[in-house]
Structures are given as structure tokens and as C-alpha cells.
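Heads up: the protein sequence lines correspond to chains A, B, C and D, in order. Be aware that the first sequence starts at 1, since it is given in UniProt numbering, and climbs by one per residue. Be aware that the second sequence starts at 1, since it is given in UniProt numbering, and climbs by one per residue. Be aware that the third sequence starts at 1, since it is given in UniProt numbering, and climbs by one per residue. Be aware that the fourth sequence starts at 1, since it is given in UniProt numbering, and climbs by one per residue.
Derived by calculation from the structure, the hints in this document are not laboratory data. Take these hints with a grain of salt, some might be off.
All copies of an identical chain are treated as equivalent in the list; a pair is satisfied when it fits inside any one copy or across any two copies.
Capping the alpha-carbon separation at 30 Å, the derived lysine-lysine pairs in DSBU-like fashion look like this [what the hints assert, rightly or not]: (1) Lys87 to Lys66; (2) Lys144 to Lys169; (3) Lys144 to Lys116; (4) Lys182 to Lys245; (5) Lys181 to Lys245; (6) Lys119 to Lys144.
There are 4 protein chains.
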Amino acid sequence: MAINIILAGPRGRMGYEAVQMITNEESFRLVACLDHKHDGLTLGELEQFRDDLQVPIYTDFDTCLKQHQADVFVDLTIPEVGYKHTKTALQYKVRPVVGTTGFTDEQLSELKELAKEQKRGCIIAPNFAIGAILMMKFSKMAAKYFPDVEIIEKHHDQKLDAPSGTAKKTAELIQDVRESKKQGHPNEEETLPGARGADMNGMRIHSMRLPGLVAHQEVIFGGAGQTLTISHDSMNRASFMDGIKECVNQVMDLEELVYGLENLL
Amino acid sequence: MAINIILAGPRGRMGYEAVQMITNEESFRLVACLDHKHDGLTLGELEQFRDDLQVPIYTDFDTCLKQHQADVFVDLTIPEVGYKHTKTALQYKVRPVVGTTGFTDEQLSELKELAKEQKRGCIIAPNFAIGAILMMKFSKMAAKYFPDVEIIEKHHDQKLDAPSGTAKKTAELIQDVRESKKQGHPNEEETLPGARGADMNGMRIHSMRLPGLVAHQEVIFGGAGQTLTISHDSMNRASFMDGIKECVNQVMDLEELVYGLENLL
Amino acid sequence: MAINIILAGPRGRMGYEAVQMITNEESFRLVACLDHKHDGLTLGELEQFRDDLQVPIYTDFDTCLKQHQADVFVDLTIPEVGYKHTKTALQYKVRPVVGTTGFTDEQLSELKELAKEQKRGCIIAPNFAIGAILMMKFSKMAAKYFPDVEIIEKHHDQKLDAPSGTAKKTAELIQDVRESKKQGHPNEEETLPGARGADMNGMRIHSMRLPGLVAHQEVIFGGAGQTLTISHDSMNRASFMDGIKECVNQVMDLEELVYGLENLL
Amino acid sequence: MAINIILAGPRGRMGYEAVQMITNEESFRLVACLDHKHDGLTLGELEQFRDDLQVPIYTDFDTCLKQHQADVFVDLTIPEVGYKHTKTALQYKVRPVVGTTGFTDEQLSELKELAKEQKRGCIIAPNFAIGAILMMKFSKMAAKYFPDVEIIEKHHDQKLDAPSGTAKKTAELIQDVRESKKQGHPNEEETLPGARGADMNGMRIHSMRLPGLVAHQEVIFGGAGQTLTISHDSMNRASFMDGIKECVNQVMDLEELVYGLENLL
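In isolation and in its complexed conformation, chain A is listed as follows (with noise of 0.2 Å):
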């Protein structure tokens, strides 16, 4: 049986692809769309979508949770919105897959105890591409074994910040089970300022930005006479899909709130 889906934020760039992924996947069916305009109108109506598209949007959730029985609701918006959409799903016995981040602590522990209440699975994740998150994961059981560690994250040069926030997160993980140590010669010297990279607990982390590059990372663990890479290139948004996929399909079998993708691969 297929499982039916209310996606929130279809305009946006990810939600534009959740729109091609949820309707081409043969056991997703996507019942009904939210958006803050276009009420009344249909996908199909819209610019970009293909003309028959006839999934209603509407502005008002609760309207769409009365007319639509949905098993799942995703999630693609901003945070404030975000929020008191996953609230709402939860009251109406909707399973949330929310995509957005920067929930507060409150927020969480609110959203926690309703899901268990409602007995309904609710899958928070800050970041959908399946295969960052494994890189993450296979980093902190390698860093068990392997205390020196180095991260290269590489990046089109149109991109502000450095490190990027997958190479902290990875970093944060890692010293989570790494017992901390100053890598290196006691005595290495930078002939050059900044050669030996970012320091975050004896750590480091290498910054690249070139065009031509898209989002890659590199964590490399090195042992005597030995190394172990592992290794993630994300070439665009279609790697989300993989990921939102699985998470419509895993929150039908929680009966909590689950935060992170990581906590399910």
C-alpha cells in the first residue's frame, strides 16, 4: 500500500525535487502540498511544475490535515514555520520528516514528548544526503582506533564560511571518542602562516575553494604504515532524495521522535 504524503515548502529548491522524487517513487503517493500562497490551486497550475500535476496546495494546515488523510508529512521550510508544522502534524497523528534545523532545546523536548504521546514517529534531520551521514559515522568508529586524523573539505569558491559546517560536525564526532592529542611534530614549524591548517583539539582541518568543485570531503586517518580515507563528493540536491526516501519509509515503523539521520542508518 502506498504511503500517503502532504509536503510543506514544494516551491523551494529542495522541495521542487522532493516534488519529482515523492511522485515518481511507485509507493509514495503525494496527496496534498502546503505552501504560504496559491491556496486553492493545483501543482500543475504552477510555472514549473508539468501540467498534470493535480495535487492540491493549500495555506492553511489544519484545512489540509481535515481534508487529507496523510500518513506522512514532510517538511521542506524555514524554521519558524517549521516548527508549528510538526506540532500540528503530531496533533493530527501525522508522521513529521522535517528538513529544516535550528530547532531550540525547547522546541525539541516539546516535540519529543508529543510524538511519544501521539505514538507517532516524527524524524528531525539536519542534513538528508545519506552519504555525508555515513561519512560522519564511519569517521567516529574509525577515530576509535585511529587517534590522528586529518579533514580536506573542498568547495566552489562562491561558498562564504570555511570550515564548512559538515567538517565541524564531522570533527565534533570524532572527538567525541578520540582521546585528545596534539598531532604532528611536537616541533613542526609553519614556514607559512596557516599551512597546517585549522586546529580544533589537535585536529586539523583544510579548507579548499576553486571553481569547478561542488561539496566534497575527505577525513583521513593515518596509522603506522597505513591509511583509511573515507570519503563523500555531492555533486546537488538530488542527493537528498536518497535520504528524504528513506526517512518517509523508516518514521512508519518509530513510535518517537528521532534526531539526525544517523541515529537510523
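For chain A, the structure is supplied; the task is to place chains B, C and D on it using the hints.
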């Protein structure tokens, strides 16, 4: 308190490295060696070791075990004698860590039984390179989410067999979890035979052989818009020593036989 | 002073990118387009271009050349018409930069002769990706010192042929300078057929196909104690635009026909 | 006919490898060695060489050159004596191949003059690894077309300086042809200092240090939609022998001093 170790095969290439590792490790103590010659001499009296290594050599294992109270027995010899050594060690309630391969199923069952009876740990590991073991472990985990995968292994050009044992082992592990699938385009065509590599249930394995290479493997998983790569580079036998060290430490806490380092990490 | 350009094939995938590149480049001016339909319209009147692109479209090349003083003619159409266009452009003393392939030897000789007579540059380039061209050029140079070489090319799993055209071309260039040699151990054995890849005069070529890959190639040279690797990663058609730009600039200084971007870099 | 060679510094680490290489090469003949001790002995009489190496050792170079007709003199000593050796060799019309560095400009001028007068080739090469030399040469060539470039060099964690000499040399060669340019986004921000690596005229250099690494460098060029990567991996000193071999062969055909292997390849 230090762990007292008896080592079999100190003059082999692995054994030689193991002598260095054990004697350099603060928490380990090399109390005796087992060898098929040089009975009554010490390691220091042999040409290849440094003069001050006053570790006695025995050709008879019973005599050795009666003379020295040991916690762990490390065997880096050959299968024919490895089995007998392992059995004898367990009978003396000394925990074996065995790097030789080629035990029969019968021998393994017998040793398993014996370890249980004696309530002593026993580790038999065909491969001590922790990095390679983790690469295989992670590959098996990733295959659950990424059924499309190819392996490329790269070795020096004196290697006789292709693909390598590690590549085949990795592919087998992946097969355990991967839904069977013929990869690539259904109509793909090799205009030069062999271009697409070896086929193992729809997965592809490629073997590169060049001077200047040592022992390397990449396992590449592909999904929509992303790839995840796990790779291991081995430079020399030093890469096995971390694995032996790990086993010596872990065998102390076991009360049964474990086959394969992958079941300990 | 700006270089005035006529472009043939503006509605193709390459042509579309070329329109963006030419109109964004300060030193270039797109004065007209040649198309097999839409005569009399402007690019801005076609759906896919932005409205303010007031570049006139012609279906007849002679009319176009009489109306517009052009320095360079960029042809991104198909071989059948590409030859005629190139000839006509030279007759009007306009320098062709041609990305179509498949010219016969006779046609090339004739165009070569004509370019000389008219004292006008003409560039015919089957591949505009400067990175790929340099990879091939460097590979040819390196092969003189490193006769042991293997190629691995990686593409998305919708690609039909293996190995790729670029891999074959690279191997051919290497062959021109490499002393013939069967690589690998003389007694090496494939325990799974195809593991060692395709054999091209003793060199080996491996083709990987996975979702998530785009178009990648590595050429790996091995010598005693070292390897040298030249690799190219192509993400999208934007990679061809730098090559077209380079050709437009260089063709201005030529007085003859040059075949292949590799002879200009 | 074989090339007769005198080698200075046979007991050093490079010298030891050179003895093996020269005596294994059919077209080379090692006629004598220069050393600061062991005058009158043969290599075979020293502990580290195999017994049958009947190559006489001299401490006085003039005596050596008078006794032995040599074509080429290979110097693998230190700068202080290297200069004198080179001069003496040229005076005897023997062609020097010198691996020591640190000659002053004056010394180089003088040797240059002398080589010309004597009509004898002379090669002074700070780096004999052909792969590293080609990496630098190709990088300089590529930088003309791809002004956006970053270097990442990776070494074992016993290395003291960062970046490596080769990385700096590569950056300098690139600078010779690259239009000056600050790379990355104009507003990019390091949230952890050092993440973006060392800045060398707008180019970025990153230094990784881990156990298990040996000596590796990648030069990555980025353009619209593509990257071109040139990388060199060095495993051990054997990598220098191919370069010495090449120099011995090429110096026979020279009649002047050449500085740097890059000017011969």
C-alpha cells in the same frame, strides 16, 4: 600490570616487526619465543636482533610454557604448526592471538570448544591491518543504502593474482547485504573487452598493477547526485602491528574464540 | 576592441551555454545567430533566452554574412552543415571556430587550403574542455619517462560505451611515445575474468559506471618508488566554454587551420 | 658501449641506492668510488655491500681520476665538497651529475664557464624524482589556463617544516605564469583560523601530517565546470634512481651545464 607474551616465529618478516612492537610497548613484556631452531639461545644472540634482547628461545612449546607464566601467545608461523600451537596454548590456559590462516572448519570447531572449556579468549585473524578491516566493515554497512558499488584495488606489478584477496572478501561482505543487481546501463557495450572489469554478481572489480604502487583499495558507492568512497592504503608490514596490539589487549577480556578482527572492532 | 561573433546553433545545449558565455564576456560581441528556423526573429523572442537579447537570427548564412561584419564564426551544429558553414565563413574572410566533429580527410584538406588562401585562422576542435586536453597532453609527455601506465575513467551509469572516447584517445597519444610493453607480472592471472581491464598494447584501461558520477578520468604512471597521476573531473557543459573562449581569442592571430585544441595549448 | 661511472658518497642513503642501481644497469659500469674514508678498500669489503663488489675506494679524487678512465662522475655528497668535486671532475673532462644542493651563484657561474671550456656536460639537480619534476612542469603549464589553483601536500608526521620545499617550489613556478589573483570568495571568512591554508600571492597551500603517509602532493586547478589535478606520490628513495639514470644518459650528449632536471625533461 604488563601483559606477558610468548611469540612464535620471531625470525619471519611479520615476527621480526612483532618483536620490535612488543618490546617497545610499555604495557607488554616479551617473556619467551618459540622457534623451530636456536633452542637455548636468546634473541640477542641472533644476528638480526639487537644484542641486549635477552629473550629465551625454545623449540619445545611445552617446556616453554612450563618455564614461563604467560598471559598471551602470539603465533605468526604457518597453518601446519599454528593449529597445534594454538591448542597447546589453550591447554595451558594461555590466550592465543593467531595470524596464520588456513585452519580447517574442524580445527576451528575444536579450538572453539576448547577455548570455552578453558574460559580463555582466543583470536584467529587472517588480516591484522585495522584499516583494511574497517574498510570492509564500513563497505558492508554502506552497501545497505547504496546498492551501486565498484571496487578498484591497486598493487605493485609483482602481484600474481587479480583481483586481490581483500577485494574479493570485500565484495563477498557487500553481497551479504546488497540486493542483487546488474549495474551500469542495461545496454552498455565494451568496445575493448575487459574495460568494465570483473563481474561479481553485478558488482564490478578493477585491478591496477604498476611499479611504485604498494597495496591500495577504493570502494566507491554511487547514489543519485553523490558518491561515498572508502579507501585503504597500506605502505608496509608496520600496518599489521596496530592490529596485533589491539588483539593482545582485547583477548585478555574474552572467554571464547573470535574469528576475524572485524568481529572485535 | 570587441571581437564580433556569429554563432550557429544557439538553441542546442552547447549553443545555449555559448550564448551566455559570449554575451557575458566584455571583449566579445554576439552580432548574429544562424539557425535552421526562426529567421527574422531575435534570440530574445525565443522562449529559452532572456527578453533583452536583441541578436538577430538568420537561416541563410550568406544573407547573415552580408549584413554583419564579423571577426569570428562559432559553429556548434552537426557535421553535415558544419562543413558547409566553415567553407562559407572562410570565403567571407570570417574565422571559424568549429566544435562539430566528423569531417572527412578530404573536407579537412579543402578547408586547410582555403584558410591559407584567405589568410584567415580556422580552428576545428572535437573537444573544448581545456582540462581534458591538458590531461592528454601531459599524459603523452609523461609516458616518455614512465612506460608503465593505466587509465581509469569513471562515468554515470547511463553511459553506453566503455571505455570512453577520451580514454581511448589518451591511450593512443601515449602509444605514440611509449615503448611497446606488456605491463604487470608476466605470470599474472585473472581469477575473475576482466579484473585487469581492457588491454591496449599492454596498457590497461578500466571503466567505472555509477550513479552520482559525472565524467572523470585518471591516468596513473608508475615508476620505481613513485607514481604520477593526472586527473580530470568534468561536472557539466560549462567546462567547454573556457575552451571556446580560448579559441575565439587565438583564432584572431592565426592565418591557417589548426585541428585540435591540443595544438594551441 | 657501457658508460663508466665514478660515484662519490657510496655509503650515504642515496649513495647506497645508487650503487645498486648502477651495478644493476647493463649499460653502466661503476669503476670507482670516492669516500672520505676506507681508501684502498673495495665496496665488497665494507659491511653493508655484498662481498663480490670489487669497486675500489679512493679518498683522493685526483688519484682516482688518474687511475680510472671515467665518462661520468655522480656526486651524492654534501655542498661543501660537492663544489670541489664537480670542478675537479670537469678539469679531467669527466661529466658531473650532481645531486647536492646549496651551491652559491658564484660557484654555479664558475662551473658553467668551466663546462663550456671543457666542452663537457654537467648536470646539477636538487631533485632527482622525475615524477615530482614533471608535476611541477605540468603545473606551470596548466596555470596559464587555470589561474585558480590550490596545493595540498601530505607527509609523515615526523616532518618539521610546513609547507614542504616542493610545494613552495611548485607555487613559485606557477606564479611565474599565473596572473596575480586573490582566490576564493572576496568575503570569505575563516571561522577557525588557518582553515584556508597558507596564502602565497592569493594561491593557497595546505600541509597534512599523519603517520602512514610518506611524501605526496596534489596540485588542483579549478575552472568553470571542471578541475584538473596533478599529483605525485613518493614511497621511498628508489624514486630518485630513475632520475639519476636519466641524467647519466643525457649528460653524455651535453656540452654545457644544465641546472635542474626540469630543463632536461
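Tested hints:
1. Lys87 to Lys66: within (15 Å within a copy, 69 Å between copies)
2. Lys144 to Lys169: Classified as both: same-chain Cα gap 17 Å, cross-chain 23 Å, threshold 30 Å.
3. Lys144 to Lys116: between (34 Å within a copy, 29 Å between copies)
4. Lys182 to Lys245: between (41 Å within a copy, 22 Å between copies)
5. Lys181 to Lys245: between (39 Å within a copy, 20 Å between copies)
6. Lys119 to Lys144: between (36 Å within a copy, 28 Å between copies)
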